[in-house]
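Student: Sequence:
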Amino acid sequence: MFRSETSRGYALSAPATLYVGFLVAAPLVILIAYSFWTQTYVTLDRTPTLQNYRDALADPLVRHLMLRSIWIAGAVTVVTVALAYPIAYFIAMKARKKTIWLLLITIPFWSSYLLRVFAWKLILGFNGVMNSALLGLGLIDEPLGFLLYNEFAVVLTLAHAWAPFAILPIYVSLQKIDPSLLEAATDLGNSPAQRFFRVTLPLTLPGIIAACLIIFIPTVGDYVTPALVGGSDGKMIANLIQVQFGAANNWPLGATLSLIAMLSVGFVAIVFVIAGTSLGRRIR
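In the numbering used here, the protein residues as written are 118 to 401.
Just so you know, the hints here were simulated from the structure itself, not pulled from any lab data. Note that CB positions come from ideal geometry on N, CA and C, so glycine has one too. One or more hints might be untrue.
[Unchecked claim] Taking lysine to any residue pairs in the SDA-like style, the calculated list, with each CA pair at most 25 Å apart, reads:
| # | residue 1 | residue 2 |
| --- | --- | --- |
| 1 | K238 | I217 |
| 2 | K211 | V196 |
| 3 | K238 | K211 |
| 4 | K211 | S228 |
[To be verified] Simulated DEER-style distance windows between Cβ atoms:
| # | residue 1 | residue 2 | range |
| --- | --- | --- | --- |
| 5 | F139 | I294 | 37 to 43 Å |
| 6 | L305 | F282 | 34 to 40 Å |
| 7 | V289 | Y230 | 21 to 27 Å |
| 8 | Q311 | V390 | 25 to 31 Å |
| 9 | K211 | L239 | 32 to 38 Å |
| 10 | K211 | A250 | 27 to 33 Å |
| 11 | V289 | F314 | 17 to 23 Å |
| 12 | A236 | V289 | 57 to 63 Å |
Kindly produce the complete structure, drawing on both the sequences and the hints.
Tutor: Next up, the structure:
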């Protein structure tokens, strides 16, 4: 009987396993294989070599863009989570019609991601909405040039785009808190601030860690937003990868840069999870 149920389970999971393997594992294997090859114009040399990794790691531009990408993704994560937590707290603890509030959070998804990026470009532009408003109010004498085509514009645009992904996991973690724990903390003489830092924050730390990972990992690899609102000062590693796969037609180097970015993001994510878990144990 056990063998029959086990076989049935394998049979039921086989289509999903094959589907995931075909769409995820196979492209990754191909990417790894390409990283050990070389290409000159249209000629692809399949002789295994580490030359791509040597060139990429020795290139100061690659290191600069990788560090900038991690910095921008980290800033986006901090800003987004800091703004998302109060919203999630209000919906979970204070709001009456939670469904309506959750629906409002999903409104940005009703429009294209590309359209939202273009909207921020119009807002932050030299003759955009923000500069026009400030000029109309007499707060500035000339348009502000630092609003667009820099790291600030990339962080602001990405923070807006990924805000719902931070709100929802934090909201779920807040919903799981047993109200009796908060009542017990109040009965023991804790002020609202003490109750938050001693009970609410530690219990919602898994949701915060999840939100940080959900935001940090994909923003490192974003190339649309830096290309549209980043300018030369906001380019990220994904823009260089896109150039290698596109205009430069150097797929092996593009694959190498992709793997280096993946390993860098994975290392940072692991360190963050370990640090967050350690912090959670200390708070408790």
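Student: Decide, hint by hint, whether the structure agrees.
Tutor: Cross-check of the supplied hints:
no. : hint                       : result
1   : K238 with I217             : violated, 29 Å
2   : K211 with V196             : holds, 23 Å
3   : K238 with K211             : violated, 35 Å
4   : K211 with S228             : violated, 28 Å
5   : F139 with I294: 37 to 43 Å : holds, 41 Å
6   : L305 with F282: 34 to 40 Å : holds, 35 Å
7   : V289 with Y230: 21 to 27 Å : holds, 23 Å
8   : Q311 with V390: 25 to 31 Å : holds, 27 Å
9   : K211 with L239: 32 to 38 Å : holds, 34 Å
10  : K211 with A250: 27 to 33 Å : holds, 31 Å
11  : V289 with F314: 17 to 23 Å : holds, 20 Å
12  : A236 with V289: 57 to 63 Å : violated, 29 Å
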